[in-house]
Structures are given as C-alpha cells and as structure tokens.
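Single-letter residue listing:
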Amino acid sequence: MAIARRPPPELFKLAVNHWTQPFWQATKEHRLLLARCADCGHARMPPTPFCPQCQSQRIAWTVLSGLGTVYSYTVVTRAILPDMDAHLPYVPAVIALDGADGVRLISNVVDIEVQAITVGLRVQVVWDDAPSQGVAVPRFAPVAAAAA
Amino acid sequence: MRDATAIVGLGATPYYKRGASAPQTLEELVGKAVLAAVHDSGLRVRDIDGFAYFAGGFDTALLTETLGIPEIRFSATLTGTGGGSAGAIGLAAAAIVSGQAEVVVCVGANQQGAQRFGAITSAYPATPENAFFSASGLVGPGHMFALLARRHMHLYGTTREDFAEVAMAIRANAVSNPNALLRQPMTREDYFKAPMLADPHCLYDFCLESDGAVAVIVTSAERARDLRQRPVRVLASHHGGSGDWGRSIYWMNMPDETFASSGHAMVARRLYAAAGVEPKDIDTAQIYDHFTSQVIMQLEDYGFCAKGEGGAFVRSGAIRREGGSLPINTDGGQLSCGYVWGMTHVREAVEQLRGTAVNQVPGAQLALVTGGPSVLPVSGLILAH
Chain A
1 MAIARRPPPE
11 LFKLAVNHWT
21 QPFWQATKEH
31 RLLLARCADC
41 GHARMPPTPF
51 CPQCQSQRIA
61 WTVLSGLGTV
71 YSYTVVTRAI
81 LPDMDAHLPY
91 VPAVIALDGA
101 DGVRLISNVV
111 DIEVQAITVG
121 LRVQVVWDDA
131 PSQGVAVPRF
141 APVAAAAA
Chain B
1 MRDATAIVGL
11 GATPYYKRGA
21 SAPQTLEELV
31 GKAVLAAVHD
41 SGLRVRDIDG
51 FAYFAGGFDT
61 ALLTETLGIP
71 EIRFSATLTG
81 TGGGSAGAIG
91 LAAAAIVSGQ
101 AEVVVCVGAN
111 QQGAQRFGAI
121 TSAYPATPEN
131 AFFSASGLVG
141 PGHMFALLAR
151 RHMHLYGTTR
161 EDFAEVAMAI
171 RANAVSNPNA
181 LLRQPMTRED
191 YFKAPMLADP
201 HCLYDFCLES
211 DGAVAVIVTS
221 AERARDLRQR
231 PVRVLASHHG
241 GSGDWGRSIY
251 WMNMPDETFA
261 SSGHAMVARR
271 LYAAAGVEPK
281 DIDTAQIYDH
291 FTSQVIMQLE
301 DYGFCAKGEG
311 GAFVRSGAIR
321 REGGSLPINT
331 DGGQLSCGYV
341 WGMTHVREAV
351 EQLRGTAVNQ
361 VPGAQLALVT
371 GGPSVLPVSG
381 LILAH
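Line order of the protein sequences matches chains A and B.
Mapping to our numbering: the first sequence position 136 is 136, numbers consecutive.
Mapping to our numbering: the second sequence position 60 is 60, numbers consecutive.
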C-alpha cells in the first residue's frame with residue numbers, strides 16, 4: 001500500500017503581490033488565513049483586489065482552524081517531468097476549508113494510504129516549510145494523523 | 001450574425017507525433033495550412049484581409065509579410081486558451097458582418113517539440129495567481145481535470161467504464177481515418193490495461209500530444225455563393241461563460257453546482273438561441289476531447305442529456321457512429337486522430353457538412369463544434385450544410 005507523498009518541491013514557485021502577501025506571510029507562522037471582505041463578509045480565495053460580491057477593496061483577514069474536507073482529489077502515479085519520479089504517488093486535492101463558507105484551497109492530501117482517501121475525508125492542515133521560497137506550504141493530512 | 005457568413009476554405013498540415021514536424025517551424029506549419037485553405041477556397045492570397053485567432057494567436061505581421069498579403073484590415077485574438085477554437089470563427093464572422101474585413105483566416109497550430117502540453121502548467125511563469133496551485137503538483141491540464149472527473153464520479157456515479165466508452169467510440173472513428181495518428185482498434189481490455197496517469201484518468205483518457213496546423217477561411221454568405229466549395233454556413237458562434245466559472249481549473253473555486261461540469265452550459269444556451277436550433281437538431285457533434293471525462297460533461301452542458309446523466313448517455317451507445325443518435329468526433333478526435341487546439345474539430349465539422357468526410361454521417365445538416373473546457377472564455381459553434 002502506497003502512502004501519499006509530497007510533490008516535487010521544485011514545482012512551487014512563489015510570487016506575491018500586496019494582496020496575497022499577508023496569506024504567505026502567515027504561513028511562516030503556520031497560520032492559515034482566509035480573505036474575507038471587510039464590508040460584506042464575503043469569503044474569497046485566493047486573495048484578490050476586489051470583493052466579487054460588493055467590489056470593496058477592504059479585506060478582513062481571518063485565521064482558520066485548518067480543518068477541512070476533501071472536495072476532490074487525483075492520484076498522480078506517473079511522472080510527466082523527470083524530477084517527479086522520486087515523489088510518486090502524490091495526491092493533489094481540492095480542500096473545502098471549515099469556516100470559509102465553501103471556499104476551497106488547492107493543496108495535497110499527505111500521510112495517508114492512497115487507498116484510504118475519499119471525497120468527504122476530514123483533514124487537518126500540516127505545514128511543509130519551503131526554505132527556498134521563504135514560506136510554508138499548507139498540505140492536509142487525515143485529522144487523526146495530523147493530531148498525532 | 002446568423003447565417004451571414006460561411007466557411008469557404010479548409011487547409012491542414014498532416015498531423016505529426018509530438019516533435020515530429022521538425023525541422024519545419026511553427027510559422028511554417030501555419031503558413032502551409034493557410035495556403036492550403038486559400039487554394040481549397042478558390043480565392044487568392046491577396047484576397048485575405050483578416051486574421052482571427054485564439055490561444056495566444058500568431059504574429060500577423062510575420063504572416064502577412066512572409067505570405068505576401070497586401071493589406072490587413074482585421075487582426076484579433078480571442079482571449080483565453082484552447083477554449084476559443086470554436087469562438088475564433090465567431091470573431092471572424094463579427095469582423096465580416098461589421099464590415100471590417102471580407103476574407104478572414106482562422107488558424108490554430110501547435111508544435112510540442114520544446115514544450116509538451118501535458119506538462120504545460122509547470123512551465124507557466126511564477127505569478128501571484130499561479131502560486132496557489134503550483135505547490136500541489138498539478139503539472140498539466142490532465143491533473144486538473146482529473147479533479148473535476150473525480151467529483152463527477154462522486155456526485156453522479158459516473159465510472160471509468162463510461163470514460164472507456166468515450167475513448168473506444170472515438171478510437172473506432174480513427175481506425176478508418178488515414179489522417180489519424182492512432183488507428184489500432186481499442187478494446188475495453190486495452191483501455192483498462194493502460195497506465196494510470198492521474199487517477200481517475202489513464203493514458204487513454206488523455207488527448208494526443210501532436211504537432212500540426214489547421215486553417216479555415218470565412219467570408220460573407222453572399223461572396224461564398226460564387227466560390228469553389230459548397231459553403232458551410234456559420235449559424236452561430238458564441239464565446240464567454242458564467243462569470244463565476246472564471247479561472248476555473250486554476251483556482252478550483254467554481255460554484256458547487258457547476259464544479260463537475262465543462263463550464264459550457266451558459267454558452268450552450270446562448271449558442272442554440274442564436275442559431276435557432278435545439279440539441280435534438282444536431283446531426284453530429286465535434287466535442288473538444290482533451291479528456292474523456294470532459295466529453296461527458298460537455299454532452300450534459302450542451303443538453304444532449306440531463307446533468308449527471310452523461311455517463312449513462314454514452315453507455316447507451318449514443319455517441320457511436322454505428323447506431324448512435326449523436327455521432328461525435330467522427331475523425332477520431334483529439335484522443336485518437338490529432339490534437340491541434342480544437343481546430344481539428346472545426347475541420348471535421350466542415351468536411352461532414354460538405355459531405356466529404358472520411359466517416360461521413362449520412363445527410364448531416366447541422367454540426368456542433370465546441371472549444372476546450374478551460375478558463376473563460378469557452379466557446380461553441382454551430383455550422384450548417
């Protein structure tokens with residue numbers, strides 16, 4: 001049985017602007033932030049310059065619990081880039097974040113047998129420090145494993 | 001715009017396996033397809049006065065100077081990616097109807113020697129927007145659309161058997177097409193023996209990575225009457241989509257109701273209304289098949305079956321050329337014939353409506369062509385005999 005691994009770290013190429021900077025800044029402290037409109041409360045991710053609901057530019061950053069649910073996932077089992085081989089299998093996933101009104105994050109499910117992953121699986125954020133980029137990357141492990 | 005313009009010329013290079021078109025250059029492939037289309041139409045190079053592109057387009061300055069086109073009156077590119085192949089025809093039609101140009105070339109081409117499309121997202125520049133998916137290892141579109149496929153399976157009970165049927169039905173059309181790159185019949189066993197690439201997508205759920213170019217020439221319906229080929233009428237072309245589809249596969253925050261879809265539903269409604277036809281009127285559909293699962297979701301979004309019933313629809317044999325109610329991708333599609341950003345679908349629809357297709361659907365009067373499900377805009381096209 002294969003355990004879901006991490007994708008090649010080289011794939012992560014960080015660029016920030018002043019709208020996304022607070023999100024990445026908080027990852028250094030392993031805090032997961034949500035962008036919420038400071039005027040109408042509408043949640044959005046990634047953080048963008050305007051609220052699509054009321055067009056306000058004011059953001060109220062909210063700290064999330066890091067809990068979530070696997071909304072969908074795919075199991076990557078074959079390398080299409082040379083440096084992928086050593087990292088298979090890995091599991092890109094869409095995570096519906098708790099306390100975020102349905103807003104989702106693209107991430108990975110890790111530290112679980114691939115066969116045990118299902119849509120609806122409860123997960124908790126785990127942080128992978130990415131020293132080359134100066135931030136940490138949020139990934140998601142099953143709630144029990146993350147607590148252990 | 002309904003019925004005001006027509007496709008009067010069609011040209012293509014051979015379809016090559018990825019990288020095999022070298023040492024020809026990409027611009028050379030484009031030029032060859034354009035010249036072939038001009039020749040096919042009976043027009044002359046000097047009659048061309050416009051270009052309408054999609055997916056980044058090509059360099060009109062280079063094309064006009066190298067091909068010897070005396071004057072350009074229109075040069076535009078639909079924004080977005082492969083979603084615009086069907087919509088570029090509408091761009092050409094808009095130019096003609098508004099009097100900005102008379103003879104507009106639409107051309108699509110790709111050459112994957114340097115950058116294979118299967119890993120294209122890993123080659124995107126580091127931007128603040130792309131930082132929200134690059135860490136996850138979504139290296140290519142096949143990974144991204146696998147996330148939509150899994151959700152569709154979860155919600156509606158769609159299975160890999162359904163994806164297999166799409167792959168086999170389309171391969172069956174390639175078997176009898178001498179232009180197709182994959183001409184071996186595919187059995188269910190073949191499908192399930194293929195390596196899994198991004199579960200639930202296996203090798204045969206992915207389109208080909210190929211090189212090639214396809215061009216068509218659009219002019220007014222009036223001028224089309226006097227030309228060499230039987231005109232293929234442009235009934236309607238529409239591009240766009242629901243605003244909340246937005247960046248779709250790159251951010252994965254589409255509404256829950258449309259996440260497991262092709263993003264085409266709104267375009268489909270407007271397209272049928274503009275053409276004055278309904279799904280039941282369509283004789284053959286050329287459905288953008290970058291992935292089998294997205295064929296199923298487009299069949300739903302274009303109203304050939306209800307939402308969630310795409311799996312059952314294909315399982316019924318409906319998309320088969322032999323005995324099906326809606327033969328699709330009659331050339332073998334991008335899954336088995338050749339991948340040229342969706343322009344192969346425009347080509348096949350034109351050949352079906354001229355009555356000259358290799359796998360002719362008897363009496364085909366109306367053909368639907370879809371552009372690639374992707375970020376906005378996505379597009380659709382309805383052509384008539």
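It should be emphasised that the hints constitute simulated quantities derived from the structure, not laboratory data.
Be aware that a few hints might be false.
Listed next, the in silico SDA-like pairs over lysine to any residue satisfying Cα-Cα at most 25 Å (straight line) [said to hold, decoys possible]:
{"hint": "1", "chain 1": "A", "residue 1": "13", "chain 2": "B", "residue 2": "128"}
{"hint": "2", "chain 1": "A", "residue 1": "13", "chain 2": "B", "residue 2": "127"}
{"hint": "3", "chain 1": "B", "residue 1": "280", "chain 2": "B", "residue 2": "318"}
{"hint": "4", "chain 1": "B", "residue 1": "193", "chain 2": "A", "residue 2": "85"}
{"hint": "5", "chain 1": "B", "residue 1": "280", "chain 2": "B", "residue 2": "307"}
{"hint": "6", "chain 1": "B", "residue 1": "280", "chain 2": "B", "residue 2": "362"}
Some chain A residues judged to face chain B by a derived CB distance under 8 Å, without partners named [what the hints assert, rightly or not]:
{"hint": "7", "residue": "40"}
{"hint": "8", "residue": "42"}
{"hint": "9", "residue": "45"}
{"hint": "10", "residue": "74"}
{"hint": "11", "residue": "76"}
{"hint": "12", "residue": "78"}
{"hint": "13", "residue": "80"}
{"hint": "14", "residue": "92"}
{"hint": "15", "residue": "102"}
{"hint": "16", "residue": "104"}
{"hint": "17", "residue": "108"}
{"hint": "18", "residue": "112"}
{"hint": "19", "residue": "121"}
{"hint": "20", "residue": "122"}
Where a beta carbon is used, it is the ideal one built from N, C-alpha and C, also for glycine.
Q) Which hint numbers does the structure go against, in order from smallest to largest? A) When the structure is compared with the hints, numbers 7, 8, 18, 19 and 20 turn out to be violated.
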